[in-house]
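Enquirer: Kindly generate the complete structure, drawing on both the sequences and the hints.
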Amino acid sequence: MSHLLEPYLAHLPTSLRALPWRGLPLDGKLLLFERSSGLNILLEGQETAALRQTAPRTLLIAVTNHCNLSCPFCYRDQSSASTWNFDDLLGFCQAADRWGVLEVAFGGGEPLLFPRWAAFIEALYTTTKLAINFTTNGSLLRPAFLQRVGPKLGQIRLSLYDDNDYRSTLKLLRAAPVRYGVNWLITPQALAHAEATLADLLAHGVQDFLLLRYKGPDRHLNLDQTQSAELAAFVRQAHAALGSQISLKVGSCWGSTLDGVPRLFDHHDCGAGVAFLSITSDKQVKPCSFHHWTAPFQTFEDVRRIWQDLRDQPQPAYLAGCARRPAQITLQIYNS
1 MSHLLEPYLA HLPTSLRALP WRGLPLDGKL LLFERSSGLN ILLEGQETAA
51 LRQTAPRTLL IAVTNHCNLS CPFCYRDQSS ASTWNFDDLL GFCQAADRWG
101 VLEVAFGGGE PLLFPRWAAF IEALYTTTKL AINFTTNGSL LRPAFLQRVG
151 PKLGQIRLSL YDDNDYRSTL KLLRAAPVRY GVNWLITPQA LAHAEATLAD
201 LLAHGVQDFL LLRYKGPDRH LNLDQTQSAE LAAFVRQAHA ALGSQISLKV
251 GSCWGSTLDG VPRLFDHHDC GAGVAFLSIT SDKQVKPCSF HHWTAPFQTF
301 EDVRRIWQDL RDQPQPAYLA GCARRPAQIT LQIYNS
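Under the numbering used here, residue 336 is the last one in the sequence shown; the count climbs by one each step, no gaps.
It is possible that some hints are incorrect.
[As the list claims (entries may be wrong)] Distance condition first, Cα-Cα at most 20 angstroms in a straight line; then the derived SDA-like pairs of lysine to any residue:
#1 K129 / R179
#2 K249 / D259
#3 K152 / V178
#4 K249 / P262
#5 K129 / F300
#6 K129 / L9
#7 K249 / A203
#8 K171 / L210
#9 K171 / L202
#10 K249 / T187
#11 K152 / A118
#12 K171 / R148
Note that these hints are calculated values from the structure, not bench results.
Expert: Structure, rendered in C-alpha cells:
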C-alpha cells in the first residue's frame, strides 16, 4: 500500500511524510495511521472523492471468555466457549493485517489469562503492522510483563471498578514504558462522585479518559435524562478546565444524549459493524460486543463477507444503552 499512498503524502507537512504510514480508504476519505506514535490523519478532498472503504479500521477480539473477576454488570455471555489458541489467533490477526485492518483491540474475559499472552503480543508485533491494544481489569499486570511488551503496544485500557484496586495498577502503568488510558463506566452512582474521581485519577497521572455508557437490562445502571444532562455539563466543564492537557473521550454508545459536549468529529453513527467489528471468544462475528446478532465463521473470507453485509445493513443492538436508530432492513443469516 505504501507506493499507493505517495500521491497523498505530498499533502502532509514535510516532517511527517517519511513516517511508516498505513492507509485505510474510507468512503470519500483516506485515513492515515502510524502505529508507533498512534498518530491519525484524515484526508478529504477531490483527490479522495472516489475512494470506498475496503475493511474495518479495528477488530475487537475477545481472546478468552475466562475472567478472574465476577462483575455484576458484565455484558459478556459467561456460557460462551473460549476456542482461540495461540496459532489460530495469530493466523487470524495476520489475515486481518493483509486485509487492511489497522488495529486490533483485545478483550474478553481477561486477556492476561490467555496462554502465553506476552509471547503472542511479541509474535503479532513482529509479523504484522497492526497496532496492538488490550483492555484489562489490571489485577494480573506485573512489571516484568510491562517491560517486555510495553513498547510493542498501542495502548492498554484499564477498566475502573470499585474492587479492582485500580490505583495500584495506575502506579504500575505510570512507571512502565507503555501508553495507557482508563475506561470509566458512568452509572448514576459513578456520576455522583465524578468530580472527585476525576481529581483522583489526575493525581495518579491519568491523561486519557474514555467515559462509557452502561448497556444492559439493569435500569438502575442507566442514566435518566436529568443525569445525562449532568454528565454533559461535567464533560463540558472538564474540557474547559483541562483542555488539551488530557484526552477526554465519550463512548460512541452515548449517541446524541450528551447535549453540547464538544466533539472532534460529528459522527452520525457509532460505526458498529463498519468502522469496527467484534469477534467473540467462540469465533463468531458481531457488529459490536453488546449486539444480539451473531454469525459464526469458518474462514477469514467468511469474516470479510459478513463485514460487507453489515456495512450495507447497519442495525442497532436490542438492549438499553444502544443509541443507533433502527433501519428497515434484514440481515442475512449465516450457518456454520
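Enquirer: Evaluate each hint against the coordinates.
Expert: Here is what the structure says about each hint:
no. : hint        : verdict
1   : K129 / R179 : holds (18 angstroms)
2   : K249 / D259 : holds (14 angstroms)
3   : K152 / V178 : holds (8 angstroms)
4   : K249 / P262 : holds (10 angstroms)
5   : K129 / F300 : holds (18 angstroms)
6   : K129 / L9   : holds (19 angstroms)
7   : K249 / A203 : holds (19 angstroms)
8   : K171 / L210 : holds (19 angstroms)
9   : K171 / L202 : holds (12 angstroms)
10  : K249 / T187 : holds (16 angstroms)
11  : K152 / A118 : holds (10 angstroms)
12  : K171 / R148 : holds (17 angstroms)
Checked against the numbered hints given earlier, this structure breaks none of them.
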